[in-house]
Every structure is written in C-alpha cells, then in structure tokens.
Amino acid sequence: MTDSIILVEDLDHVYMKNTPLEHQALYSVNMTVARGECVAIIGHTGSGKSTLIQHLNGLQRPQKGRVVIDGLDLSQRKLDVRALRRKVGLVFQNPEDQIFEKLVGDDIAYGPLKQGLSIKEVTERAKWAMEVVGLSFADMKDRETFALSGGEKRKVALAGVLALRPEILVLDEPTAGLDPCSRKDLLERIRYLNQSENLTVVFVSHNMEEVAYLAHRVYVMANGRVVCEGTPRHVFGNADILHKYHIGMPETVEILHRLKRKGYAVNPEAYEVQETVQEILSILPAAGR
Amino acid sequence: MSDEREPLIRVEHVSFGYTMNDKRTLPVLRDISFEVRRGEYLAIIGHNGSGKSTLAKHLNGLLVPQQGNVWVAGMNTKDKGLRKEIRKCVGMVFQHPDNQIVATIVEDDVAFGLENIGVPADEMRQRVDEALQMVGMFAFRHRPPHHLSGGQKQRIAISGILAMRPACIVLDEATSMLDSYGRQDILRVMRALHQQGMTIVTVTHHMSEVVEADRVIVMEAGRIVMEGTPRDVFQQQERLHELQLDIPDASRISQAVHRVVPAFSGTLIRTDEVVEEVENMHLRTLEVHGG
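Residue numbers (our numbering), protein chains in the order written: chain F, 1 to 289; chain A, 290 to 580.
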C-alpha cells in the first residue's frame with residue numbers, strides 16, 4: 001500500500017537478549033495503517049501490544065524487520081529521531097503521572113517551548129490543544145494540576161502531546177481508570193481528532209466497547225504475534241478467536257455468543273446494544289409477546 | 290473490644306476537604322454517614338471527583354475526618370495509638386499494581402507487612418503460604434514480581450493484605466488498570482473471600498463489578514445520593530445518567546426487551562440472567578401449549 005503512513009514488516013523483538021531472562025516479545029509482526037485511519041490493537045496482557053507501539057515513535061528500534069513511519073525508516077542508523085517524534089505523539093498509560101508543572105497551561109506548553117517555538121506560537125498551540133480536548137483555555141490554563149480530577153488530568157496530558165501537532169497519535173489504554181462519563185467524553189474527542197483533524201490514530205485497549213466505538217480496524221495480538229485482523233464486527237463475530245486468545249468481549253457479544261451456542265439463531269456480529277435487543281426480540285416465542 | 294453485632298465500620302457525619310495553597314479548602318466529603326456490616330460486600334460508585342476514593346481512604350485511617358468520626362471495630366481512626374490495629378483490621382488495595390509492590394521476590398513482598406509487625410518466622414512462613422494460596426499465586430512465590438501481569442501483581446498485593454488477616458479488604462479501583470481477564474481473576478478471588486466471611490468494600494467504575502455486591506452506595510459531590518441492591522439501583526437508569534454513571538449493558542438490554550415484550554423481565558443485571566430469561570420464556574411457552 002502506497003498511502004500507508006505506518007508500515008511494520010516482519011518485526012521481531014527480544015528483551016534481555018543473551019541473558020537467562022531472554023524473552024521474545026514480537027514474532028514477525030506485520031501491520032499497516034493508512035493515513036487518517038483509526039486502528040485498535042487488542043490482546044491479553046503480555047501479548048506484545050506495548051512493545052509494538054513503542055516502535056512507532058522510536059522508543060524501540062527494530063532488531064529484525066522494518067518499521068517505516070511516513071517515509072522515515074527506523075532501521076536506519078542515522079534516523080532523525082526528533083523528526084520522528086514530531087510526527088508521532090505517544091500517550092502512555094496513565095499519562096497524568098507525567099504531569100510535572102504546577103499550572104495546567106505550563107504543562108501543556110512545555111513540549112512546544114522545548115521545540116524552540118515563539119511564545120506566540122506556543123500559546124496558540126496550547127490554546128488549540130486545550131480546546132480540542134475540551135478544556136477551556138481561559139478557565140483552565142492557570143489551574144493547579146494537582147487539584148484536577150482524573151479525567152481532567154488525562155485531558156491535560158493528551159493536550160500536552162497534541163500541542164506538538166503530531167500527525168499520528170498513539171495511545172496506550174486511553175480511557176483506563178476513567179469513569180464512564182469522562183471515558184465517553186474523551187472517546188468523542190479522540191474520534192473528532194481522527195475524523196475532523198485528520199489525525200491518524202493507533203490505540204491499545206482492552207475495553208471492547210471503546211474498540212467498537214472508535215476503530216476502523218482491529219489487530220488482535222497474542223504471544224507476540226498478530227493472530228487476527230479486521231473490522232470490529234468481523235473480530236467480535238468470531239467467538240473462537242475471542243476465546244482462544246483471551247480477549248474480553250462486550251457484554252452484548254457475550255450474550256449473543258451464549259445464545260448462539262444454545263442453538264438460537266442470532267447474529268453475534270450485532271454488538272451494539274440496540275442491535276442485540278433486536279436479535280433477542282427476533283428469537284423470543286411469539287406467544288410471550 | 291468490639292461487639293460482634295456492631296457494624297465493622299461506622300462512618301458518622303464525616304466531612305473532609307483538601308487544603309489548597311492559598312488556604313482555601315476544596316470540600317470533598319460533606320457530612321457522610323453509613324455503616325459497613327460484618328461480612329458485607331459493598332460497592333461504592335460515583336464519577337471521577339465525586340469523593341469515593343477519599344471516602345475509601347477514611348476506612349482504615351489513611352485519612353482522618355476533619356469533622357465527624359470513623360469507627361473501625363469500635364476503634365476511632367483519629368486515635369493515633371490505634372492506627373496499627375486499625376490497619377491490621379482493614380487492608381487496602383490501590384489502583385496501580387506497581388506502586389504497591391516493594392520486594393524483588395513475590396513471597397518477600399507478601400511477608401513485608403508481617404515483618405513490620407514482628408511476626409515470628411515460623412508463623413510468617415505459614416501465613417505467607419496461605420495468603421498466596423488464597424489468591425492462586427503460590428506457584429509464583431519465587432518469581433520476581435515485575436515480570437508478572439497486572440492482574441497477577443494485584444493478586445500479590447491482595448495476598449500481602451490477606452497475610453495480615455484483616456476482617457475487611459477495601460479495593461480502591463483495584464481492577465481499573467487490568468484487562469477483562471485480570472479483572473475476572475480478582476473478582477473470583479473476592480467472591481471466594483466473601484463466601485469465607487470477609488467483609489469487602491470496592492470502589493469501582495465498572496458496573497459489571499457492582500453486580501457482585503450485596504449493596505451499592507452512589508456518591509455525588511461528596512454526598513451519598515443513592516443506596517440499595519445493585520438490582521434496585523440499576524433500575525434507575527435516568528437518575529444514574531444524571532449522575533454521569535452507566536448501567537451494565539445486560540441491564541440496558543433487559544429493560545429494552547421488557548418494554549417491547551412485558552413478559553421478559555426488565556430487572557436483569559447479568560449476562561447469564563439475560564440468556565436464562567430467553568430460555569425461560571421458551572420453556573414457559575412450551576408449558577402453556579402443553580409441550
């Protein structure tokens with residue numbers, strides 16, 4: 001594919017090579033992401049998801065295989081790491097743990113300032129980043145970071161990465177630990193960034209509702225390998241894969257798969273609540289209605 | 290000592306606020322009162338910032354009330370001399386597994402609390418082994434904890450608390466960083482402990498976890514605004530929505546199907562109940578029509 005902004009080919013990774021604790025985390029992983037696409041990576045703990053995404057902004061360099069990000073080949077020794085990190089914004093798990101400035105605005109402006117931008121440009125970027133994640137610049141920039149709620153802190157951390165204006169946003173468990181409402185809000189923001197700001201998004205998640213909501217495509221990883229790839233509907237419809245690789249299912253999918261196993265004619269791909277309700281209504285005995 | 294019929298924890302008119310730099314206080318808990326009964330499984334829910342974690346930290350004296358009192362097995366958490374006893378009675382598991390593990394070998398980590406209170410070596414050995422068996426991590430006792438999964442680490446953290454033989458475990462969003470399998474592991478352990486009589490208080494965002502509890506307390510702006518069994522609380526979908534909370538998908542499905550087919554129960558809260566209800570409806574129809 002020529003228009004893929006991320007290309008991962010036959011990528012291997014071994015931790016602590018040549019020691020008794022040697023552990024291979026990735027086996028010949030292939031992945032492509034098109035510009036503007038939103039891709040989810042799911043898999044059980046230890047499946048290699050985090051190792052894979054650490055390759056996307058050069059925190060890990062390919063030991064074997066190839067990673068090319070928007071024309072930058074990570075195998076090359078003379079890689080311009082700064083250019084790569086400007087392209088790829090990586091938001092770690094619990095990014096709020098990395099907030100260190102006292103004031104919200106200062107924390108978000110830290111990255112752009114270090115890039116040597118003018119104060120005017122930094123302010124503009126901080127303002128844009130805050131508004132785009134739903135933090136009012138006027139109200140929030142002088143708030144103290146320690147007194148924010150969990151959801152607000154997560155947004156500050158995300159804004160800090162967005163202020164660097166990356167083309168690719170990589171998120172590790174973006175909504176873990178947030179309450180249902182903050183989660184929904186953050187997911188809407190990420191979807192907006194993907195659809196309206198044309199940001200390419202790659203995210204790791206074990207929340208299947210989130211995957212169903214955001215992702216165009218899903219990669220399922222297990223034991224360091226990509227074991228399945230497709231649309232959320234395709235992946236959730238496949239009970240064997242979900243069971244075999246210990247992927248949690250949305251409650252809707254769980255109900256549909258159980259009914260199907262008991263011989264009811266339901267479509268397990270109907271994972272939205274309303275669809276599931278329709279599937280159940282369709283199999284209830286006519287006499288009960 | 291404490292009366293067995295007394296609630297294990299009594300929270301009486303507790304108010305608490307965090308002091309900001311300029312000496313303003315941010316009120317977090319406002320005149321809260323409730324009890325945790327012995328052997329109860331209690332869930333506390335509320336959106337981020339509603340005060341539920343602050344409340345949880347009051348249950349073993351990590352925080353002490355600015356107004357009001359918290360009594361743990363008859364001991365006031367304000368009494369510094371009783372703090373050790375109180376923490377032996379009520380143990381806490383926090384959100385991040387990595388922040389709770391101090392040793393480089395699993396069994397040393399579990400023994401850490403016991404060493405601090407000077408338990409003799411023989412007894413320590415026995416209590417550590419027992420505690421690891423209770424969470425299903427005995428086989429991992431000689432491993433370094435940092436290579437374990439999040440769910441396994443949380444089980445080690447729980448095991449360290451069990452070794453102290455508490456009457457109550459408080460889980461402060463202890464599963465929120467885990468994947469659904471890790472979460473199931475923890476829920477299984479909690480279910481088994483509860484059956485053995487352990488008192489459990491869980492602060493959570495996961496409605497599927499609330500379903501496990503005997504009773505739910507819903508918090509909003511530092512106050513208790515709803516209370517009841519999970520089944521009763523989840524019936525009030527709109528009220529919960531106002532409080533920025535969700536209901537399990539199983540509840541939502543149950544209610545939506547019930548609206549179209551009144552014979553289908555609208556009060557289900559678990560996935561297996563929904564599947565059973567579909568089967569029951571088929572069985573009932575067979576009975577009516579004589580098979």
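Calculated from the structure, these hints are not laboratory results.
Built from N, CA and C at the ideal position, the CB exists for glycine as well.
Fair warning: there could be bad hints in the mix.
Selected chain F positions facing chain A (in silico; Cβ < 10 Å) [as the list claims (entries may be wrong)]:
id, residue
1, G43
2, G134
3, A138
4, M140
5, Q195
6, N207
7, A239
8, I255
9, K262
10, Y264
In silico DSSO-like links for lysine-lysine, alpha-carbon gap of 27 Å or less [what the hints assert, rightly or not]:
id, chain 1, residue 1, chain 2, residue 2
11, A, K312, A, K346
12, F, K87, F, K127
13, F, K78, F, K17
14, F, K102, A, K367
15, F, K141, A, K312
16, A, K346, A, K377
17, A, K367, A, K377
18, A, K377, F, K102
19, F, K102, F, K114
Hint numbers not upheld by this structure, sorted from lowest to highest: 2, 3, 4, 5, 7, 14 and 18
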